[in-house]
Every structure is written in structure tokens, then in C-alpha cells.
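Asker: Following the hints, complete the assembly by docking chain B onto the known chain A.
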Amino acid sequence: MSELLRVEHLKKYFPVKRSILEVLTKKEEKFVRAVDDISFSIERGETLALIGESGCGKTTTGRVILRLIEPTEGKIIFDGIDITKLGKEQLREIRKRMQMVFQDPYASLSPRMKIGDAIAHPLLIHGLADKEEAKELALQMLKRVGLTPEDEFYNRYPHHLSGGQRQRVVIARAMILKPDFVVADEAVSMIDVSMRASILELLESFREEYNLTMLFITHDIAVAKLIADRIAVMYLGKIVEIGPTDEVLNNPAHPYTLALIQAVPSIVKREKKKMIEITGEVPNAVNPPSGCRFHPRCPFADELCKTKEPELIEIGKNHFVACHHPVKD
Amino acid sequence: MKTIIDVKNLSIYYYTLAGIVRAVENVSFSIGEKEWVSFVGESGSGKSTVAYAILNLVPSPGKIVNGKVVFNGKNLLELDEEEMRQIRGKEISMVFQDPMTSLDPLRKVGDQIAEVLIEHGAEKEEAFERAKELLRMVNLPEDRINYYPHQLSGGQRQRVAIAMAMAFHPKLLIADEPTTALDVIVQDSIMDLIATLKSKGTSIFFVTHDISLAAERSDKIAVMYAGKLVEFGKVEQILDNPLHPYTKALLESVPDVWSERKVSAIPGYPPDLRNPPKGCRFHPRCTIFKIKKELHGICNELETELIEVEKDHFVACHLYRRR
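Chains as they are written, first to last, in my numbering: chain A, 1 to 329; chain B, 1 to 323.
Hints in this document: simulated from the structure, not taken from any laboratory.
There may be inaccurate statements among the hints.
What the hints assert, rightly or not - Below are the BS3-like pairs computed for lysine-lysine, each with C-alpha atoms no more than 25 Å apart in a straight line:
(1) K274(A) with K198(B)
(2) K272(A) with K108(B)
(3) K34(B) with K273(A)
(4) K85(A) with K11(A)
(5) K269(A) with K234(B)
(6) K30(A) with K17(A)
(7) K34(B) with K269(A)
(8) K11(A) with K75(A)
(9) K272(A) with K248(B)
(10) K132(B) with K273(A)
(11) K132(B) with K108(B)
A quick note: this is a predicted structure, and the numbers were derived from the prediction, not measured.
This is chain A alone, in the form it adopts within the complex (with noise of 0.2 Å):
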């Protein structure tokens, strides 16, 4: 295997608004540090899930990866260009190659545009395909994630639709152009329980055909397990925790990561055993706790924890955590 996608020391800062007299009397300009100095690598044909709660910064890392928002600070290497100063014209060239599944697929559609040629859109834009051809191949899309007769559900309009068949419209749009990479931003939350798991299939059948990597973003664990090769686990704006999927599952080595886990609900393990009790909510990412920004709410943290900032080190193949007191079992 050969890497793809590789992410170095990025931070993307967004300043805080302030009031006209805040600006005035030169009060200092603050920041929510959204991503706060994070590095990781993907190799092809991988799916490496990227998880935490909302607020965490996984939303944006998956933005500003395909240059949707640009960074603060960092590189970006795709296939090993460092698309993080590319111009316009080139960042067009590689953004075939990069696509995005948006978390929501009533927002990400517009509603005036026939679903059909929304899908062929891509290929327009790119001047890949004229006219007759882009709705040829819309057409073969269409067949291709489920939504058939294809002939007419090209002339259907968002809202004739059902949100699993939505998500199926959104996941088409990004495939015409078959691209290397993908960034799935919780592609399955929006959608019914029962439905995931045709849309998880999907994305799968996509992977294997093209040979997909893909950044999946998710909040939900389960999802990630099913999908995963590697898990990655973020907590206000820093990856906590990355390794292989069962590794991290079955030997969590953050005390978050371990809390995430015992919080999911199961059907397999209905007895609940409370290994970890967190206390409190989520700090602000404008003021960050100092040290290790879980400290507040972990059970063993000390004053070491308090002071320093503990790196990833590798404690198993492949495995790396940033913890000073790292979970044994």
C-alpha cells in the first residue's frame, strides 16, 4: 500500500466576532481553535474514520482537507502534491480526483435542479462529458446506487424523494467523476437506522470498484466499525487517539476514547459496566483547557496532566495515543 493523503501540523483558527468597541479599544482578538495542530496519513484503498462529538473539529478537518475553507497552518499532500498553495485552475484539476458527501441531504441539494442532472452537473463543470454523454452516464449512475427506472427518477426533484433515496443522489453526484479520495461527513446520520446499512453497502461497493480512499466522519461508533479500517479520535481540535479499528474498540487507550465507547448503546452488551466516570460537558475551544484539554473531566489526571501536553506516542502496532496515563486493561 502507498499513501494518499497525507495532513501535517494543520490548524485552522476562526476569529471570534467582535463588537465595534471590543474593536475600538484594540481588545485582543480571540479564536475557536476548531483544529489545533493535527497530523495523520491515509493509504490508498483506505477508510480511516475520524470520530468525536459535535464541536470536536472533525467537520472542519474533512473541509479544509479539500480546501472548502482554507487552513491556518499546515500542509495538505494529496498523491504527493502539496495542494495546500495551490491556485485556482490547479485545485480545479485535483478537485476531480477529491469529492465530498455532505452530512445533509436535504441542504446539499438544490431544489430546483432536477435530480438527474444534478448528478450530471459535475461532469459539465469539469468538461468532461457534453451534454448527451453527462446524461448517459447520469443515467448509468442513477441504475448504479438503486434508483431505478432511471429514466425517471432522472426527472424527479429532491423533495419527490425519500431522505435514504436523497443520500443515494448526494453519494451518485460525488461518484461520476470517479474520484481517488472522498470525504463522507456523517453520510448516515441523517437517515433512518434501518436504511444505514443500504447506504453503508453502497459506499462499500463504491470502495471496492474504484479503489476508494475515504475520510468518513462520524459520531457514531458503531458506524465507524462497520466501515473502518482505522479509527481516529478527536477531542476539542486534537486527535486524542488513532489506530486500527479493533484496537481501538477493544483496547482504548485514552480515558475519552474509553468513555465514548462505554456510552454507545448496544444491543450485544445490554449490562452496562462503568469502567470510567466523566464528569461535565465539553470546554470551549476559544479558551482551551492548558495542558491535556481533557483534563478537567478525566478521572486520572494529575499535575503533570494539568501542565504538559502529552504527544501521540505508539503503545501498540500502529496504535498511538496522547495521554500521559494511557488505559490499561
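Answerer: Below, chain B alone, put in the same frame as chain A:
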């Protein structure tokens, strides 16, 4: 066990311009004292509509066309608005998916909790003391009485909504997807809170689309499909020995962290309830119906009935018909 609420033959239709939506059809069940019953099903299965019907709060254009909701020997559907107001919030209370449904964005949290108490006869000072106590019970610092809802996180707001719901030690708490908008760790703590409420003697009617969430703390699970109650029983009965083909398919479709099996989607889509399939509403998606020729003419023709196949375990499927 003493029965707290007994619902009989409940049918609710929505009279829309596009036609009559048969959202809930002939649903019967009961909830015992200190019992936690979870209603699960896909969106549009009618589970929330049943929840609203208990308090006679089915939103327009919905109408309860048939059935009884018996609570304390009275049919709640026959009470007038004033009698119903005495029961709502006091004997039966409700929390919603979005806590802002029950919170006023313009008023401080403490004022809102106190108001409910004063409405039901408390003195002002006593009401504020009790409001603080209620906040402590839901693990919020008592200074939160001076906060406005927008100053709280989603999880904290849901705690406030639960604090209000707890104010009168209700006999029954109806919780409609109260954790759907929350992260897992917060969800877990809200579920713990509801469990505490149950341990103090309140019965729970819990609505969720996520059957794994129902698995952990419920006593019984009711599975709804396309407006019908298709299976009802104790948690172990439903999860370890599911009988209805829909329940089986639903369980196989849910990703689970601790399971190594592959998930498989339920083929097809739920029906349009303006024109539900004849016979069993699940038959067009049922794999058993597809392979068993002898069921043709039965499942696609005859209405199903909920029958008790073992103690406390009910199923509405022709496979289990009494012969």
C-alpha cells in the same frame, strides 16, 4: 403488577389535502407501575403519534378516530380541556426531542420551573427553592436558575426540561426521542437520569428510532411498523427471540459496536399510509412471504391481529396464527 395506563384499539388518522393518512391503526398495549416501555420504529411508523395521543395532544390535521386511553380508571380522551390540564404536567408529563419545545427562550430557567409549580398551587418562595432542588436532582448547579435557555448546552437544556417534568413526581413520563439531538456521552447521562426517575416510581413511555438505545434500560419494547404495533414483549423476548419478520430484519439492520455480524438493510421502503398495503402492512417487504407460497392469499389479504404467543410476548403476524 398494577397497570398505569391502558391503551385500547387506538386509531389516529391525519386528514391532509393529499388524502387520509392512516398513521396509527388499532394499537393496544398497557404500561405497568414503574415499568419502562420503549416504542421503536422508523420515522413515520406512528410511535410519536401514539405518545401525543396519550395526552390528547395529537397535532392537527391528526384526529383520534377510535380508541381509549385509560388512566386511573378514566378515559383521557373523554376529559374536557380543564380536567386534562390537571393531568398534564402533574400526573403525566412529557419531554421532547427539542427541549426548546417546552422552554421559553425569553425567560430565565428558574422562572419557568417556578411558574409550573405556582400554577399548581405553590407559594412563590417555596417554588424557587423547589426549582433549585429540581436542578440539583438533574445534576445542574443551582445557579442555573438565573440562566436563559440559550446560555445552556443542548444536554443542559434537556436536563432542565426533565427537571420540569419531574416537578410533581408524575406517574408517567412520556419521552419522545429526548436524546436524538445529543452526543453519546450526554445521551448516556440523560438515559441515567430517566432511569433515576423510574426508580422513584415513575413509569416511562420512551420513543426512539434506535432499538439499541431501547435495549439497555427498558423493561419492555414495542415495535411499530407503518402505524401498527407488530410486536410487544419483554426486552429479552424482543431482542433474543424476535418473532415478527420486521423485528428480525430491524435487528439485523442496526450497526452494533460489539457485534461481528454483517448488517443487512431491510429491502424496499415503508408504505405510503394514505394507501397502506392490504393484509399485513409489512408483506411487500417480508422475505418469508416472498419464499413461502402457502402464505400468498393470507398475508396480502387478511388483517393481522396482535396475539399473545407466550406470557407477555405479543406478535401480529400470520405465521403465529392460532390454527
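Asker: Are the hints correct? Go through all of them and say.
Answerer: Checked hints:
Proposed proximity of K274(A) and K198(B) is supported: the alpha carbons are some 20 Å apart, at most 25 Å. The straight-line distance between the Cα atoms of K272(A) and K108(B) is roughly 36 Å, outside the 25 Å bound, and the hint therefore fails. This hinted pair checks out: K34(B) and K273(A) have alpha carbons roughly 23 Å apart, not beyond 25 Å. Taken as a hint, the K85(A) and K11(A) pair is honoured in the structure, with Cα atoms around 14 Å apart against an allowance of 25 Å.
Proximity of K269(A) to K234(B) is assessed by CA-CA distance (about 16 Å); at most 25 Å being required, the pair is judged to hold. For the hint linking K30(A) to K17(A), the alpha-carbon distance of about 8 Å falls within 25 Å, and the restraint holds. The hinted pair formed by K34(B) and K269(A) meets the criterion: a straight-line CA distance of about 23 Å does not exceed 25 Å. With a C-alpha separation of about 9 Å, the suggested pairing of K11(A) with K75(A) holds against the 25 Å cut-off.
For a cut-off of 25 Å, the pair hint linking K272(A) to K248(B) stands: about 24 Å separates their Cα positions. At roughly 31 Å between alpha-carbon atoms, K132(B) and K273(A) are farther apart than 25 Å, so this suggested pair is violated. The hinted pair formed by K132(B) and K108(B) meets the criterion: a straight-line CA distance of about 13 Å does not exceed 25 Å.
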